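A.B. asks: Below, each chain spelled out in residue letters.
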Amino acid sequence: MAFGVEQAKRWMSIANDHIQQQKQYLTELDQAIGDGDHGLNMARGFQEVVEKIASANYEDLGSLFKDISMTLIAKVGGASGPLYGTAFLRMSLALAGKKEADDKELIAALEAALDGIKARGKANVGEKTMVDVWEPVMEFLREKESLQVKEAALLAKEKMEHTKELEAKKGRAAYLGKRSVGHIDPGSASSHLLFAALAEALEG
Amino acid sequence: MAFGVEQAKRWMSIANDHIQQQKQYLTELDQAIGDGDHGLNMARGFQEVVEKIASANYEDLGSLFKDISMTLIAKVGGASGPLYGTAFLRMSLALAGKKEADDKELIAALEAALDGIKARGKANVGEKTMVDVWEPVMEFLREKESLQVKEAALLAKEKMEHTKELEAKKGRAAYLGKRSVGHIDPGSASSHLLFAALAEALEG
Amino acid sequence: MKKLINDPNHVVNDMLEGMAAAYPNRLRRLPGTNVIVRHDAPVKGKVGVVSGGGSGHEPAHAGYVGKGMLDAAVCGEVFTSPTPDQVLEAIKAVDSGKGVLLIIKNYTGDVMNFEMAAELAEAEGINVAKVIVNDDVAVEDSTFTTGRRGIAGTVFVHKIAGALAERGASLEEVEAAAKKVVQNVRSMGMALTPCTVPAAGKPGFELGENEIEVGIGIHGEPGIEKTAIKTADEIAETLLNKILDDMKLEKGDRVAVMINGLGATPLMELYIVNKKVSEMLEEKQIRIHETFVGEYMTSLEMAGCSISLLKLDDSLIELLDAPADTIALKK
Amino acid sequence: MKKLINDPNHVVNDMLEGMAAAYPNRLRRLPGTNVIVRHDAPVKGKVGVVSGGGSGHEPAHAGYVGKGMLDAAVCGEVFTSPTPDQVLEAIKAVDSGKGVLLIIKNYTGDVMNFEMAAELAEAEGINVAKVIVNDDVAVEDSTFTTGRRGIAGTVFVHKIAGALAERGASLEEVEAAAKKVVQNVRSMGMALTPCTVPAAGKPGFELGENEIEVGIGIHGEPGIEKTAIKTADEIAETLLNKILDDMKLEKGDRVAVMINGLGATPLMELYIVNKKVSEMLEEKQIRIHETFVGEYMTSLEMAGCSISLLKLDDSLIELLDAPADTIALKK
Ligand SMILES: Nc1ncnc2c1ncn2[C@@H]1O[C@H](COP(=O)(O)OP(=O)(O)O)[C@@H](O)[C@H]1O
Ligand SMILES: Nc1ncnc2c1ncn2[C@@H]1O[C@H](COP(=O)(O)OP(=O)(O)O)[C@@H](O)[C@H]1O
Ligand SMILES: [Mg+2]
Ligand SMILES: [Mg+2]
Ligand SMILES: [Mg+2]
Ligand SMILES: [Mg+2]
Numbered sequence: 001m002a003f004g005v006e007q008a009k010r011w012m013s014i015a016n017d018h019i020q021q022q023k024q025y026l027t028e029l030d031q032a033i034g035d036g037d038h039g040l041n042m043a044r045g046f047q048e049v050v051e052k053i054a055s056a057n058y059e060d061l062g063s064l065f066k067d068i069s070m071t072l073i074a075k076v077g078g079a080s081g082p083l084y085g086t087a088f089l090r091m092s093l094a095l096a097g098k099k100e101a102d103d104k105e106l107i108a109a110l111e112a113a114l115d116g117i118k119a120r121g122k123a124n125v126g127e128k129t130m131v132d133v134w135e136p137v138m139e140f141l142r143e144k145e146s147l148q149v150k151e152a153a154l155l156a157k158e159k160m161e162h163t164k165e166l167e168a169k170k171g172r173a174a175y176l177g178k179r180s181v182g183h184i185d186p187g188s189a190s191s192h193l194l195f196a197a198l199a200e201a202l203e204g
Numbered sequence: 001m002a003f004g005v006e007q008a009k010r011w012m013s014i015a016n017d018h019i020q021q022q023k024q025y026l027t028e029l030d031q032a033i034g035d036g037d038h039g040l041n042m043a044r045g046f047q048e049v050v051e052k053i054a055s056a057n058y059e060d061l062g063s064l065f066k067d068i069s070m071t072l073i074a075k076v077g078g079a080s081g082p083l084y085g086t087a088f089l090r091m092s093l094a095l096a097g098k099k100e101a102d103d104k105e106l107i108a109a110l111e112a113a114l115d116g117i118k119a120r121g122k123a124n125v126g127e128k129t130m131v132d133v134w135e136p137v138m139e140f141l142r143e144k145e146s147l148q149v150k151e152a153a154l155l156a157k158e159k160m161e162h163t164k165e166l167e168a169k170k171g172r173a174a175y176l177g178k179r180s181v182g183h184i185d186p187g188s189a190s191s192h193l194l195f196a197a198l199a200e201a202l203e204g
Numbered sequence: 001m002k003k004l005i006n007d008p009n010h011v012v013n014d015m016l017e018g019m020a021a022a023y024p025n026r027l028r029r030l031p032g033t034n035v036i037v038r039h040d041a042p043v044k045g046k047v048g049v050v051s052g053g054g055s056g057h058e059p060a061h062a063g064y065v066g067k068g069m070l071d072a073a074v075c076g077e078v079f080t081s082p083t084p085d086q087v088l089e090a091i092k093a094v095d096s097g098k099g100v101l102l103i104i105k106n107y108t109g110d111v112m113n114f115e116m117a118a119e120l121a122e123a124e125g126i127n128v129a130k131v132i133v134n135d136d137v138a139v140e141d142s143t144f145t146t147g148r149r150g151i152a153g154t155v156f157v158h159k160i161a162g163a164l165a166e167r168g169a170s171l172e173e174v175e176a177a178a179k180k181v182v183q184n185v186r187s188m189g190m191a192l193t194p195c196t197v198p199a200a201g202k203p204g205f206e207l208g209e210n211e212i213e214v215g216i217g218i219h220g221e222p223g224i225e226k227t228a229i230k231t232a233d234e235i236a237e238t239l240l241n242k243i244l245d246d247m248k249l250e251k252g253d254r255v256a257v258m259i260n261g262l263g264a265t266p267l268m269e270l271y272i273v274n275k276k277v278s279e280m281l282e283e284k285q286i287r288i289h290e291t292f293v294g295e296y297m298t299s300l301e302m303a304g305c306s307i308s309l310l311k312l313d314d315s316l317i318e319l320l321d322a323p324a325d326t327i328a329l330k331k
Numbered sequence: 001m002k003k004l005i006n007d008p009n010h011v012v013n014d015m016l017e018g019m020a021a022a023y024p025n026r027l028r029r030l031p032g033t034n035v036i037v038r039h040d041a042p043v044k045g046k047v048g049v050v051s052g053g054g055s056g057h058e059p060a061h062a063g064y065v066g067k068g069m070l071d072a073a074v075c076g077e078v079f080t081s082p083t084p085d086q087v088l089e090a091i092k093a094v095d096s097g098k099g100v101l102l103i104i105k106n107y108t109g110d111v112m113n114f115e116m117a118a119e120l121a122e123a124e125g126i127n128v129a130k131v132i133v134n135d136d137v138a139v140e141d142s143t144f145t146t147g148r149r150g151i152a153g154t155v156f157v158h159k160i161a162g163a164l165a166e167r168g169a170s171l172e173e174v175e176a177a178a179k180k181v182v183q184n185v186r187s188m189g190m191a192l193t194p195c196t197v198p199a200a201g202k203p204g205f206e207l208g209e210n211e212i213e214v215g216i217g218i219h220g221e222p223g224i225e226k227t228a229i230k231t232a233d234e235i236a237e238t239l240l241n242k243i244l245d246d247m248k249l250e251k252g253d254r255v256a257v258m259i260n261g262l263g264a265t266p267l268m269e270l271y272i273v274n275k276k277v278s279e280m281l282e283e284k285q286i287r288i289h290e291t292f293v294g295e296y297m298t299s300l301e302m303a304g305c306s307i308s309l310l311k312l313d314d315s316l317i318e319l320l321d322a323p324a325d326t327i328a329l330k331k
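Residue numbers (full-length UniProt numbering), protein chains in the order written: chain A, 1 to 204; chain B, 1 to 204; chain C, 1 to 331; chain D, 1 to 331.
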């Protein structure tokens, strides 16, 4: 499966569509156990991303993901801004100079993104954050060694739903303690949207 | 009809009963076109009045009404405090030294009370204040030259209801302009209670 | 009704105790009264400046007691004018022999109670002057009616009369300065929500999710007109235009601006209102000497705001800029 | 949602314009940013002190920009941490060569964004130190979790770090003083009503007519526990006892007290809360050096309050008492 600048742009564009559509839903998830801005943050950031990358021409994936990263860092704010910003920054480093990435290279780049999220947020699996989606999804892809993006998206969905059962230990929901149980983590939901968009961009 | 210290005390006690019962109603009237404290003000003041005069012995009506007046002035506040306070102060002057008042004397004292209200508040008939009850009631009693208190109380009720149709020119309701039409003036309502209590104290 | 209170009938007392406990070096509560005075009252050689009214307008009026503003504030029950005996205690506590100015907001109750107190004080040989503030342009002005209300513009009267009194001016001078402020200050307010007098237990009026009251006072009473909700810009325009119609300012005139929150309005929204107000004044080439944004004269937990404009000249500017050291206004 | 706003998506910009227009002699907005700096920034020979966070906490943080407190405040979207590029602009604008202290409230987002900015600033050769405020005892403290939140006690950090910076102290000294405040300040809050983020359009949670949230933060999120409404005395007791459990004060210890309104609470109610707080402290023979009652760190139009206690020693007292000239805090 070829993953070049065009595919990457399509990924972002589909991701943005999902996020704009689910803006209210993401915000409601965040109102339940956070501060009710996750949908607003993500919608603001990804809208800027698609506008930014639409007009520009990119020689390689690295420079495209650099722009995506910088835009997210500067526009999202909150916790998700630095986290997703760092994720895409790590992807841009992993894909620097590459016009196209094969399965292995893209998986490695996504792996770097996960490492970035964990380095920035210092969260581990089970703490009710986006890591609870990213980590099992990357485990799956790492094992498969091929970009089974549809299965990855389904797994992301399942893991997102699983965050309902967790008690938050990191992020804003941690302040709620046990009251955080029973609600889906908003960042896990937006992470699911990213994996779903990737699947659609590559296979849809 | 004999009107002595006992009758006067009974008047206040019945008036207080009415006011405590109608506290909420008076406050609601004041919420509609004023600031929602008339029932609270009157209830606070008359409660103090009955407590104050219950224990004391009075040689004459003048000293009783002086105490009533001073208590109202110090406890009611708002517009109604100085108005009723001045009314009873004028009564105390009119009845100074008298152990009992006959019809003519009591009517003259009530007339003095009305003069006090008008001097203090500078309101005339038709401006949607307690004067719209007091003035016609006193006209009636003045004409009859006898204490037809039941009829006076009925007239007070009618005149109180009539204030509904007036546009306020004095007092807090004046700020509402035309929006004050359609509501009974709270001070007229409390004035009606005073005349009703007087009738009950003397005839009930 | 959800409030941070104990007994609805004792809110004023509880508040005054909490206030006196918070500022022992600034304020004293006169024992057995609801009067708050400067800790160093009476101040020698200084005209006493006394204001007050119903409670529920905090920080007005006790928040303005201190150097350069009020010597005493008389605190009535919630939205109820204080009684003459209380006002008299305040007058006596602050009079140093130079006389006392009463700053009264134009409400029948306040005017009558303060007047009765003035009469009692005069009878005790104290020189008393009165100034009645009626800055609210929402209400039609007329000598045949109660006339205009006093609202947030009153704080400018406190500031300027207080500053002049602090300099040792005579009662006549302080009174004249206060009257000059009254002649030059105009205000108008609006509400997004009503408020609830604790002892009444329910709101003074009701407003739909898309309604506002325009021309509101500060006692939880309905305004002049109920209208549909508008943008902050439109609301600022409505209020400011009504004020400007009444004031007739000219290019180059200098003003002080107050954007006053009524109790529950986030400061954020007051700044948003000020954005439009400052733009409009700039467009009209009216010079803003100073802007006050915050809660100066509230109406319990009412959401909404009022705008006040004070037209300034050199002497008013000097007094407005003079030092003040009170809880709610420091310079 | 009824608010005095124009477009819900532009409230922060509108607010900052209105604020800059109100205080042209005090503040400047850095062009193209949501950063408010002292009009005279960078101040020569002085460590820069920068704070910030999401908007909606007004007067925090821009209200504390000025002599003796902050050099800059970085204003994020409502309840959303500002981004690193904005924080970087603030750092660059206030650095006079002596370095910059970042005062960060302990939220994952704030910490990460400010840290990223610090890294960028260091890369540009600016010396940056950070202090993370976590005064909220409602949340269990643990190194395995996010830890405690920073709430109203942060204002004491601004005051004391700012006072020391104003005296020309080094970055290390200013940082140490700020950390000392963090170690000695504890807070806890409660809410009577939720609040509504303008762009979200509906309240963050719901509360029945007889319910309150205890252990609330300042971002419209639910608290630790929902309970039945209680009296002001009981609520004060709950909050203060939780704070005292954590602080372990002794007889004769000196404290500063802050009774902070969350946005829609009438000042009257805050004084009523202070009545109980001052009584309890007196009973425990803890000496109150100063009491702050008002809105210092709000949560839009949330009704409720927080209580903060800062344990003082001579050096903290000196810095707390030092002059400050900001919009929201003057000394
Ligand atoms: N330390 C962390 N590590 C990983 N993800 C985190 C961390 N903290 C928060 N998150 C994610 O960020 C999401 C919240 O993002 P958002 O609402 O935009 O920011 P904020 O919490 O600052 O308001 C959470 O749902 C969670 O998935
Ligand atoms: N100038 C006046 N003359 C006569 N009565 C008046 C005058 N102003 C007000 N009142 C009466 O006082 C009543 C209101 O009393 P109250 O609510 O206790 O005081 P306030 O208006 O100060 O809150 C009005 O309903 C009216 O009858
Ligand atoms: Mg959030
Ligand atoms: Mg009334
Ligand atoms: Mg009243
Ligand atoms: Mg946020």
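No lab work stands behind these hints, which were simulated from the structure alone. Watch out, some of these pointers could steer you wrong.
[Unchecked claim] Below 16 Å or equal to it, Euclidean Cα-Cα: the simulated EDC-like pairs (lysine to aspartate or glutamate) are:
#: 1; chain 1: B; residue 1: LYS66; chain 2: B; residue 2: GLU28
#: 2; chain 1: D; residue 1: LYS2; chain 2: C; residue 2: GLU234
#: 3; chain 1: D; residue 1: LYS2; chain 2: C; residue 2: ASP233
#: 4; chain 1: C; residue 1: LYS226; chain 2: C; residue 2: GLU211
#: 5; chain 1: C; residue 1: LYS331; chain 2: C; residue 2: ASP313
#: 6; chain 1: D; residue 1: LYS230; chain 2: D; residue 2: ASP253
#: 7; chain 1: A; residue 1: LYS178; chain 2: D; residue 2: GLU211
#: 8; chain 1: C; residue 1: LYS2; chain 2: D; residue 2: ASP141
#: 9; chain 1: A; residue 1: LYS169; chain 2: D; residue 2: GLU283
#: 10; chain 1: A; residue 1: LYS169; chain 2: D; residue 2: ASP141
#: 11; chain 1: B; residue 1: LYS122; chain 2: C; residue 2: GLU115
#: 12; chain 1: C; residue 1: LYS330; chain 2: D; residue 2: ASP321
#: 13; chain 1: C; residue 1: LYS202; chain 2: B; residue 2: GLU28
#: 14; chain 1: D; residue 1: LYS92; chain 2: D; residue 2: GLU173
#: 15; chain 1: C; residue 1: LYS330; chain 2: D; residue 2: GLU211
#: 16; chain 1: A; residue 1: LYS144; chain 2: A; residue 2: GLU100
#: 17; chain 1: C; residue 1: LYS2; chain 2: D; residue 2: GLU234
#: 18; chain 1: B; residue 1: LYS178; chain 2: C; residue 2: GLU234
#: 19; chain 1: C; residue 1: LYS92; chain 2: C; residue 2: GLU124
#: 20; chain 1: A; residue 1: LYS178; chain 2: D; residue 2: ASP141
#: 21; chain 1: C; residue 1: LYS2; chain 2: D; residue 2: ASP233
#: 22; chain 1: D; residue 1: LYS330; chain 2: C; residue 2: GLU124
#: 23; chain 1: D; residue 1: LYS251; chain 2: D; residue 2: GLU283
#: 24; chain 1: C; residue 1: LYS230; chain 2: D; residue 2: ASP141
#: 25; chain 1: D; residue 1: LYS230; chain 2: C; residue 2: GLU124
#: 26; chain 1: D; residue 1: LYS2; chain 2: C; residue 2: GLU211
[As the list claims (entries may be wrong)] Listed next, with one range per pair, are the computed distances between beta-carbon atoms:
#: 27; chain 1: C; residue 1: GLU250; chain 2: D; residue 2: GLU211; range: 34 to 42 Å
#: 28; chain 1: D; residue 1: GLU211; chain 2: A; residue 2: ALA96; range: 28 to 36 Å
#: 29; chain 1: B; residue 1: ALA96; chain 2: C; residue 2: ASP40; range: 52 to 60 Å
Since this is a predicted model, take the numbers as computed values, not measurements. Just so you know, even glycine gets a beta-carbon here, dropped at the ideal spot from N, CA and C.
A.B. asks: Compare the structure with each hint and give your call.
C.D. replies: Do the hints match the structure? See the list:
With a C-alpha separation of about 30 Å, the suggested pairing of B:LYS66 with B:GLU28 is violated against the 16 Å cut-off. Between D:LYS2 and C:GLU234 the alpha-carbon distance is near 14 Å, which keeps this suggested pair within the 16 Å criterion. Taken as a hint, the D:LYS2 and C:ASP233 pair is honoured in the structure, with Cα atoms around 14 Å apart against an allowance of 16 Å. Only pairs whose Cα atoms come within 16 Å are accepted, and C:LYS226 paired with C:GLU211 is accepted, the gap being roughly 7 Å.
Distance check on the hinted pair: C:LYS331 and C:ASP313 sit about 19 Å apart at the alpha-carbon level, beyond 16 Å; violated. Distance hint between D:LYS230 and D:ASP253 is unfulfilled; the C-alpha atoms sit about 29 Å from each other, more than 16 Å. Pair hint A:LYS178 plus D:GLU211 does not hold up; C-alpha atoms about 19 Å apart against a cutoff of 16 Å. For the hint pairing C:LYS2 with D:ASP141, the CA-to-CA distance comes to about 31 Å; that exceeds 16 Å, so the pair is violated.
Restraint check for A:LYS169 and D:GLU283: the C-alpha separation of about 38 Å exceeds 16 Å, so the hint is violated. Among the hinted pairs, A:LYS169 with D:ASP141 is consistent with the structure: their alpha-carbon atoms are about 11 Å apart, no more than 16 Å. The suggested pairing of B:LYS122 with C:GLU115 holds, with an alpha-carbon distance near 13 Å, which does not exceed 16 Å. A hinted pair counts as satisfied when its Cα atoms are at most 16 Å apart, and C:LYS330 with D:ASP321 qualifies at roughly 15 Å.
Between C:LYS202 and B:GLU28 the alpha-carbon distance is near 9 Å, which keeps this suggested pair within the 16 Å criterion. Only pairs whose Cα atoms come within 16 Å are accepted, and D:LYS92 paired with D:GLU173 is rejected, the gap being roughly 20 Å. Distance restraint check for C:LYS330 and D:GLU211: the Cα-Cα separation of roughly 37 Å exceeds the 16 Å cut-off, and the hinted pair is therefore not satisfied. A hinted pair counts as satisfied when its Cα atoms are at most 16 Å apart, and A:LYS144 with A:GLU100 does not qualify at roughly 20 Å.
A distance of roughly 14 Å separates the Cα atoms of C:LYS2 and D:GLU234; the hinted pair therefore holds under the 16 Å criterion. Among the hinted pairs, B:LYS178 with C:GLU234 is inconsistent with the structure: their alpha-carbon atoms are about 25 Å apart, more than 16 Å. Of the pairs offered as hints, the one joining C:LYS92 and C:GLU124 holds, with about 9 Å between alpha carbons and a cut-off of 16 Å not exceeded. Simply put, A:LYS178 and D:ASP141 have alpha-carbon atoms about 15 Å apart, close enough for the 16 Å limit, and the pair holds.
The suggested pairing of C:LYS2 with D:ASP233 holds, with an alpha-carbon distance near 14 Å, which does not exceed 16 Å. Only pairs whose Cα atoms come within 16 Å are accepted, and D:LYS330 paired with C:GLU124 is rejected, the gap being roughly 40 Å. The suggested pairing of D:LYS251 with D:GLU283 holds, with an alpha-carbon distance near 10 Å, which does not exceed 16 Å. A C-alpha spacing of about 45 Å is found between C:LYS230 and D:ASP141, which places the hinted pair above 16 Å, so the restraint is violated.
A hinted pair counts as satisfied when its Cα atoms are at most 16 Å apart, and D:LYS230 with C:GLU124 does not qualify at roughly 47 Å. Our distance criterion of 16 Å between C-alpha atoms is met by D:LYS2 and C:GLU211, whose separation comes to about 9 Å. Between C:GLU250 and D:GLU211 the beta carbon distance is about 55 Å. The supplied range of 34 to 42 Å is therefore violated. Against the hinted window of 28 to 36 Å, the Cβ-Cβ separation of D:GLU211 and A:ALA96 comes to about 55 Å, which falls outside the hint.
About 44 Å separates the C-beta atoms of B:ALA96 and C:ASP40, a value inconsistent with the hinted range of 52 to 60 Å.
Checked against the numbered hints given earlier, this structure breaks hints 1, 5, 6, 7, 8, 9, 14, 15, 16, 18, 22, 24, 25, 27, 28 and 29; the rest are met.
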